[in-house]
Amino acid sequence: MASKKFLYVNRKAPHGSIYAQESLEVVLIGAAFEQDVTLAFVDDGVYQLLQNQDTAGIGAKNFAPTFRALGDYDVSQIYVERESLEMRGLSKEDLMPLTYEDEDDDWAEKDSIHVVSSDELADIIEQQDVILNF
Amino acid sequence: MKFGILINEGPYTHQASDSAYHFTEAALRAGHQVVRVFFYHDGVNNGTRLSVPPQDDRNISERWSALGQKYDLELILCVAAAQRRGLLDEDEAKRAGKDGSNMAPGFQISGLGQLIDAGIQADRLIVFGD
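So the sequence lines, in the order shown, correspond to chains Y and U. Counting from 1, one number per residue, gives the positions in the first sequence under the numbering used here. Counting from 1, one number per residue, gives the positions in the second sequence under the numbering used here.
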């Protein structure tokens, strides 16, 4: 069967609710199914990718380091909505670096994160077969 | 049309499970196929057999069980989400050394792979959440 295009839309902050953490669990399990996987981060979801997260003060699990494993799972299409970043006073420099090794380019290390406008993200959403919204 | 259904919220607090129920029931009644109903996040709480709502209100988990039985519908709770929230079938209860299981009839525990598989098999995966 031909693979489908799966998009995971992450809309919520990493802590305060469990959606972000459990969404990442779906992405990692889903990566084993050899489908085309894309992640989008919008609204408070952009906070999930912030650098140097420290959850000691709230006693919750810090799952942010798990995002760094995505490249190894062949998840390399990560889109962050520019408007969501700007509204929160953030830029790409505030996000953790996420990379993958491109097998079609002699395993060169490349950036997985692309900051895109709301309009560009709408086009990306339009291209998907399956959209999981967390 | 083949539908997959994902429910991300528990019963009563949010409308998600009610909306999903009405959608699923209407789709099946209209002759569509529902490949699987998958319960994730607090959605797993829809699968408890121990909920006792007031008599003049709907019983959400019983309603799902009845729909499942009528249409031979797969009602799947994510195992990791269910274990976190204390939703256990007899096998899981035994494995975890707990003194009881609480799953409603017709529900089964399985892995997240079943959600991805629903996305692959279905023409449309419909997400009901907050």
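Watch out, some of these pointers could steer you wrong.
Below, in silico cross-link-like pairs of lysine-lysine (DSSO-like), each with a Cα-Cα straight-line distance of 27 Å or less [stated by the list, open to error]:
| hint | chain 1 | residue 1 | chain 2 | residue 2 |
| --- | --- | --- | --- | --- |
| 1 | U | 2 | Y | 61 |
| 2 | Y | 5 | U | 2 |
| 3 | U | 2 | Y | 4 |
Rough simulated footprint, nothing fancy, chain U against chain Y, three-plus residues with beta-carbon under 8 Å [said to hold, decoys possible]:
| hint | segment |
| --- | --- |
| 4 | 14-24 |
| 5 | 89-102 |
Hints are computed from structural coordinates only; laboratory data are not their basis. Just so we're clear, the structure is a prediction, and the values are computed from it rather than from any experiment. From the three backbone atoms N, C-alpha and C, an ideal C-beta is built for every residue, glycine too.
Which of the numbered hints are not met once you compare them with the structure shown? 1, 5
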